[in-house]
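Given chain B's structure and the hints, the job is docking chain D onto it.
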Amino acid sequence: MIRQFRLARPLAALAMLLAASAAGAAGTAVPSYTLDAAKSTLDFGFVQAGAQNKGHFPKFTVNFAFADDNLAAAHLEVTVDVAALNTDDKERDDTLREADLFDVAKFPQARFAATQISKTAGGAYAAAGSLTLRGVTRAVQVPFTLKSASEQGRQVLYMVGKTVIRRLDFGVGQGDWKSTEWVGNEVTVTFNLRLIAAN
Amino acid sequence: MQVRNTTARWGGVAQFLHWLIVALIITQVTLALLASDRHGMAKLALLARHKSVGITILMLAVVRFAWRLINPTPPLPLTLKPYERFLANFTHAALYALIFAMPISGWIMSSARGFPVSWFNLFQLPDLVAKNRPLYEAMLETHEALAWTLGAVATLHLLAALKHHFVLKDTVLRRMLPFSKIP
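For the record, the sequence lines run as chains B and D.
Numbered by our numbering, the letters in the first sequence go through residues 1 to 199 in order.
Numbered by our numbering, the letters in the second sequence go through residues 1 to 183 in order.
Here chain B stands alone, though its shape is the one from the complex:
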């Protein structure tokens, strides 16, 4: 009896642990979100000949799975159609698509994949991951904020953020364009996304 009793307690503990991990496993099924493309923007700002200029990527997709209480299971992936870039100036857009700059014939897409999403000060978040642009992959940190709302019975997230990347790190600028005298190295990427919970 005594022996059985001794065994019962570890068994019970094991059972509880299993139950807890089962609950944890259930928690990994964090809700996923789809991009509301019509109400989302992905912009970039750069210095051209000493003056601030801007453009945007009208075509991109976002894969986002997120629950505030289970960041380990969160997931973020952004794929950008670089060829669709738009600076509101056809001549400049054509130049940007050329081999010495984005080389969209060879590298039509850019991709950011977060490997870790963590909380930062003031209720903001940071997505650490890798950005692949023009065939070069580099580690990038993307800070962002999230605002959650319920709209027409659906859970909606507003994701807003900004990060600065150096174009030359990714080889965007070969030949003459390696110079940063007339086109700055730093490019500010800003995003304003509306994400709708998938049912």
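Source of the hints: derived by calculation from the structure; they are not laboratory data.
The model shown is predicted, which means the values in this text are computed figures rather than measured ones.
Errors might be hidden in some of the hints.
Below, a list of computed lysine-lysine pairs in the DSS-like style, where the Cα atoms sit at most 27 angstroms apart [stated by the list, open to error]:
(1) K131(D) x K39(B)
(2) K106(B) x K43(D)
(3) K43(D) x K178(B)
(4) K131(D) x K59(B)
(5) K43(D) x K54(B)
(6) K54(B) x K81(D)
Chain D alone, transformed into the frame defined by chain B:
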């Protein structure tokens, strides 16, 4: 050399501004012609310099105009016929108008194109108008037409100065030249 103008000749400041603007206008034409058959980075760099020099001319034009207002203007020779007097005044007025109109039309053109103007990469100037493609195209034509006008008026101005010096043998050219002795 006298800094201010006298009734006999232009002073040092007026001469300096006159000849500096001449040199910068020649620079502008050179940069514009070089840029016209380049593309990519080379064109961007040439046009950026063209814009910076243009804004410099505009600033100098303001100083020059103000300096003219607060200084005596050496009068035209009394021997001029009325039509020559009119032509001289018209040419000078047109040249003043053009050293303002050329840079301003270029500035409007840049703003309308959506490429803001920077002065030698040091500071960015405000846009004069919102981005507007048809306005950009109209300003491009205007800027070019003004450049041809400036070329024509400046040629007339140059020929007149040479006529004063070599044919009429008066002091009109010499009073704008540094180091020239005027009795």
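Would you pick out the hints that fail for this structure and give their numbers low to high? 6
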